[in-house]
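A.B. asks: Protein sequences, first through last, are from chains P, Z, X and G. Using UniProt numbering, the first residue of the first sequence is number 1, and each one after it goes up by one. Using UniProt numbering, the first residue of the second sequence is number 1, and each one after it goes up by one. Using UniProt numbering, the first residue of the third sequence is number 1, and each one after it goes up by one. Using UniProt numbering, the first residue of the fourth sequence is number 1, and each one after it goes up by one.
If you are wondering where the hints come from, they were derived from the structure by calculation, not from laboratory data. Possibly wrong hints are sitting among the right ones.
Identical chains share a label here; the pair holds if one copy fits it or two copies do between them.
Stated by the list, open to error - Simulated pairs of lysine-lysine, DSS-like, Cα-Cα distance not exceeding 30 Å:
#1 K157 / K22
#2 K48 / K201
#3 K157 / K247
#4 K295 / K247
#5 K291 / K108
#6 K108 / K295
#7 K291 / K209
#8 K105 / K22
#9 K295 / K201
Each chain, written out:
4 protein chains.
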Amino acid sequence: MANIAFIGLGNMGGPMAINLAKAGHQVCVFDLSADAVAHVVAAGASTKASAIACVQGAQFVISMLPAGKHVDAVYLAENTGLINHIEAGCLVIDSSTIDAATSCKVAKALATKDINFVDAPVSGGVGGAVAGTLSFMVGGSTEEFAQAEPILMAMGKNIFHAGVHGAGQIAKVCNNMLLSVLMVGTSEALQLGLANGLDPKVLSNIMSKSSGSNWTLDGYNPCPGVMDNVPASNDYQGGFMVDLMAKDLGLAMETSLASQSSTPMGALARSLYAMHAASGNGSKDFSSIFKLFNKK
Amino acid sequence: MANIAFIGLGNMGGPMAINLAKAGHQVCVFDLSADAVAHVVAAGASTKASAIACVQGAQFVISMLPAGKHVDAVYLAENTGLINHIEAGCLVIDSSTIDAATSCKVAKALATKDINFVDAPVSGGVGGAVAGTLSFMVGGSTEEFAQAEPILMAMGKNIFHAGVHGAGQIAKVCNNMLLSVLMVGTSEALQLGLANGLDPKVLSNIMSKSSGSNWTLDGYNPCPGVMDNVPASNDYQGGFMVDLMAKDLGLAMETSLASQSSTPMGALARSLYAMHAASGNGSKDFSSIFKLFNKK
Amino acid sequence: MANIAFIGLGNMGGPMAINLAKAGHQVCVFDLSADAVAHVVAAGASTKASAIACVQGAQFVISMLPAGKHVDAVYLAENTGLINHIEAGCLVIDSSTIDAATSCKVAKALATKDINFVDAPVSGGVGGAVAGTLSFMVGGSTEEFAQAEPILMAMGKNIFHAGVHGAGQIAKVCNNMLLSVLMVGTSEALQLGLANGLDPKVLSNIMSKSSGSNWTLDGYNPCPGVMDNVPASNDYQGGFMVDLMAKDLGLAMETSLASQSSTPMGALARSLYAMHAASGNGSKDFSSIFKLFNKK
Amino acid sequence: MANIAFIGLGNMGGPMAINLAKAGHQVCVFDLSADAVAHVVAAGASTKASAIACVQGAQFVISMLPAGKHVDAVYLAENTGLINHIEAGCLVIDSSTIDAATSCKVAKALATKDINFVDAPVSGGVGGAVAGTLSFMVGGSTEEFAQAEPILMAMGKNIFHAGVHGAGQIAKVCNNMLLSVLMVGTSEALQLGLANGLDPKVLSNIMSKSSGSNWTLDGYNPCPGVMDNVPASNDYQGGFMVDLMAKDLGLAMETSLASQSSTPMGALARSLYAMHAASGNGSKDFSSIFKLFNKK
Chain P
1 MANIAFIGLG NMGGPMAINL AKAGHQVCVF DLSADAVAHV VAAGASTKAS
51 AIACVQGAQF VISMLPAGKH VDAVYLAENT GLINHIEAGC LVIDSSTIDA
101 ATSCKVAKAL ATKDINFVDA PVSGGVGGAV AGTLSFMVGG STEEFAQAEP
151 ILMAMGKNIF HAGVHGAGQI AKVCNNMLLS VLMVGTSEAL QLGLANGLDP
201 KVLSNIMSKS SGSNWTLDGY NPCPGVMDNV PASNDYQGGF MVDLMAKDLG
251 LAMETSLASQ SSTPMGALAR SLYAMHAASG NGSKDFSSIF KLFNKK
Chain Z
1 MANIAFIGLG NMGGPMAINL AKAGHQVCVF DLSADAVAHV VAAGASTKAS
51 AIACVQGAQF VISMLPAGKH VDAVYLAENT GLINHIEAGC LVIDSSTIDA
101 ATSCKVAKAL ATKDINFVDA PVSGGVGGAV AGTLSFMVGG STEEFAQAEP
151 ILMAMGKNIF HAGVHGAGQI AKVCNNMLLS VLMVGTSEAL QLGLANGLDP
201 KVLSNIMSKS SGSNWTLDGY NPCPGVMDNV PASNDYQGGF MVDLMAKDLG
251 LAMETSLASQ SSTPMGALAR SLYAMHAASG NGSKDFSSIF KLFNKK
Chain X
1 MANIAFIGLG NMGGPMAINL AKAGHQVCVF DLSADAVAHV VAAGASTKAS
51 AIACVQGAQF VISMLPAGKH VDAVYLAENT GLINHIEAGC LVIDSSTIDA
101 ATSCKVAKAL ATKDINFVDA PVSGGVGGAV AGTLSFMVGG STEEFAQAEP
151 ILMAMGKNIF HAGVHGAGQI AKVCNNMLLS VLMVGTSEAL QLGLANGLDP
201 KVLSNIMSKS SGSNWTLDGY NPCPGVMDNV PASNDYQGGF MVDLMAKDLG
251 LAMETSLASQ SSTPMGALAR SLYAMHAASG NGSKDFSSIF KLFNKK
Chain G
1 MANIAFIGLG NMGGPMAINL AKAGHQVCVF DLSADAVAHV VAAGASTKAS
51 AIACVQGAQF VISMLPAGKH VDAVYLAENT GLINHIEAGC LVIDSSTIDA
101 ATSCKVAKAL ATKDINFVDA PVSGGVGGAV AGTLSFMVGG STEEFAQAEP
151 ILMAMGKNIF HAGVHGAGQI AKVCNNMLLS VLMVGTSEAL QLGLANGLDP
201 KVLSNIMSKS SGSNWTLDGY NPCPGVMDNV PASNDYQGGF MVDLMAKDLG
251 LAMETSLASQ SSTPMGALAR SLYAMHAASG NGSKDFSSIF KLFNKK
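So that you can see chain P by itself, here it is in the shape it has in the complex (with noise of 0.2 Å):
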């Protein structure tokens, strides 16, 4: 069993240090919010007054926040980050959904004092990190990854070795812009069926087991009263959020810009999601976007 410290322990972040903690390892917690500590110290985890003063002696420091800036600060940041403090040979694991750069910057970083890193971004959502089901897209060296698995299993039930530094984010982002454009293309092509007298029920059956058939459609419809259990029989409530969505392509644009890559497809859906969003949408779940197709 492993020394571990968690930092960041928002919706993702909390559930996952829990998990760690219930599969007997040590994890000392840290997050500028007393009450996120309080509710993972009580499933298990300790607390100590600092991240540094987590960090100290920690074999694994796993990091889980908001975007690339607060990933910057809190390993980097001059006289306060934490790589003055992680001991050499610790393996560093950034959970972040962030951009590449950042987490190629850090990781070239805590090299210089022989700290090993991987960037770990996960899906899977708040359900999968409750259940210890996320998928993780790991970047790193085939060393670090040998060595974040073990970890990983106790908060995931996929752990993927993408690439080098980086590969992770960029294996994220990929994929965060296909979900993107299969769920608008989906949405359009159950409008489409409706407009013209099919029943989405119907119509969602014969796609899903024909050439149409994709993670959108076969599992969480975004048509009110095809599936239960799917935000959109919920009225678009729990899930993905749209804002959050928006973020992830606004890191897959940023990817695509520094790589003068053409993405007709995911830019389109960017500024669907942007246009969703600024409607008011912003805190529903992503497959609500069905609903800029409705007719009157």
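Starting from the known structure of chain P, fit chains Z, X and G onto it as the hints suggest.
C.D. replies: This is chains Z, X and G only, laid out in the frame that chain P set:
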């Protein structure tokens, strides 16, 4: 066993007719191409001098024709239309992929002579036609569907009842519009990963097991070398031609226009496939759209 | 002065007929609405009991009808078509905005009776129709154009010879497709400026005097408050209705499909206008698409 | 006459500096390329051994650099930044096209030393730089704008005050995003006309005098042969390079992402230009996007 007339023996119609004959039906075939007729007759069908001669006394008439105008002409042309020669009680199964309006017009006209009708376009390509594993999307009444089903089973695996007359065509264009979006979106995502250093096999595996999973990524990967036995690994030969996808997207757009639906992704896919066809790729497999996003 | 029959007295046709009468022509008008007829007769035209009666002895027949099927029926319907009543040598001027294929079909049929034809759709809206400042885009032979021009001058200011039969319609859909792109592009650019703190008047002035200059930005600004006397500053009342732009974009897309052209921007504009119409803005001016990009 | 330091003598900066010298100003220039310096010195400027030496005692410092990172480094680099050498009261005019955030950062830093600043990106291309007819879009206070205007008049014709610091950059990206949409939309419309038999000169003339009128159609026509003296009639040589338009669209997209704006047309134009550049057209004029819509 039934007495079946089969009109239209192209790349799809030929093997479909052969499968009916192999199943033990009496199949009388007609096509303007003597070679096409000879090929099917050699496999067990019979032929007659005209389509009119074929349909006389038939319990089922099946047609597989290129476009709505051909279907309209074959059944309804003023003097030569089969409507005047098909017997009451017979079921016409039109498996052509055409506009729903023509399907409905033909159904309505045939009904005045007590001839039943279903539109039953297929998916599955030439491979599925030969193997007898096509999917049929059927539009017609419950009685007509029941009448059609046992015959269709000799040619396909999945027989879907999409709804009333025309619904088969609508389901087909919805599915194929969605399929085109899946293919373009998957191509963009894989190219974005490639441009940022990821191995396309690794990325495909990750996304297939994550929320990016879809029919094109999982079994028909557009990136050369990721999968064996797909057109992408055979210089985009075989499979489903760009020109045919462009035709289906044309039908999808006409359906979208007629119902004043908003289908931005489908419309973008249509223009990208038109662009791709115009630059000389019309007879390549539709997964070759991947090349549109190549970096030099 | 000429002897003119005028069929179709809607928002456009009515003032056009009045301008012909004011110019001194003998104008005999017909419409299914008695009110519409009475209004034009009060301004100096005459009427008869039927369209057939109106066209007998006329040197020119002008029609202004909603769609291709109406034009087809008015001229070519089996028994009631005007083709059987218009005199040889007469020029038919169809100013309806319809598909080019129908224009060509009518032209060809009329030619068998030695009746001349031009398609002559207009731009300039109701305001231009009343003021007699419409633009006409004319399709027909050089002789037909020469025959049409003096009559059109009584209703418009710019009379363009676009090419052979149907070319007037093609020019119209090309222009209006481009117009829709200008309006959406201008709306996006102004909203992007607004969201980043710029004054829309200042930004409009800069772009109008730079390479962003275009008809919509310079004289029909979609941002409320930038210009007086445009629909945007009058709650998007008046002007060119979203539903009419959607109709014209439908014709543009049919033209694009028929010629297998790639028109991604036009197709995107079509879907955005369909989306905008579906959310209840069909009778607003087409510059109201600006609102689609509003930040909450 | 003013004492001016000019940093960055590329295709644009060189002729701009020469125009300042010709207008009678004392211009001290610096560039890493000795050839570039020699060329401008031959036209009347002076030079010194370093940028730092140039700015000492200058009343104005003008920079024309490739990207935000260069501007940031030139002014703010820890030891070598010009901020430590420019005199209080001096006005820095940065004419580089960069992100607004960097402009604001530099402005704020310089203000701590009582150095004034405007961002003043240009439009008009190399031709405008040579002829002294550039447009400047200026971001800064009213006082800073007043200080800048007389100097800018020696290099340009239209000097626009866009707003506060950064507003010049925002105006530039809004304008150029719109410009790209005009160019793509015009190309599509002309190609649609061509594919349907229209003469592009005739169609261009009609649309230019109608509501399709825009800067690209009217004076920079992308169809070869329609206009003399434009890149389209010279194999798309000269003019405004595809790679530069792609760079500006990258800045526009970053601006759109940062403000969570929806810019579907701009985003589509960005992907089409990236696609066009990737297939080997990066150094062609941006009107060559017309070729993307060619029918074989």
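A.B. asks: Now tell me, hint by hint, if it's right for this structure.
C.D. replies: Here is how each hint holds up against the structure:
1. K157 / K22: The answer is within: 16 Å in one copy meets 30 Å, while 48 Å across copies does not.
2. K48 / K201: Classified as neither; 53 Å inside a copy, 43 Å across copies.
3. K157 / K247: For K157 and K247, the Cα distance is within 30 Å only inside one copy (25 Å; across copies 41 Å).
4. K295 / K247: Both. Shortest intra-copy (28 Å) and inter-copy (16 Å) distances satisfy the 30 Å Cα cut-off.
5. K291 / K108: Intra 45 Å, inter 34 Å, cutoff 30 Å: neither.
6. K108 / K295: between (52 Å within a copy, 28 Å between copies)
7. K291 / K209: both (24 Å within a copy, 28 Å between copies)
8. K105 / K22: neither (33 Å within a copy, 47 Å between copies)
9. K295 / K201: within (18 Å within a copy, 35 Å between copies)
In terms of the numbered hints stated before, the structure departs from hints 2, 5, 8, listed from lowest to highest.
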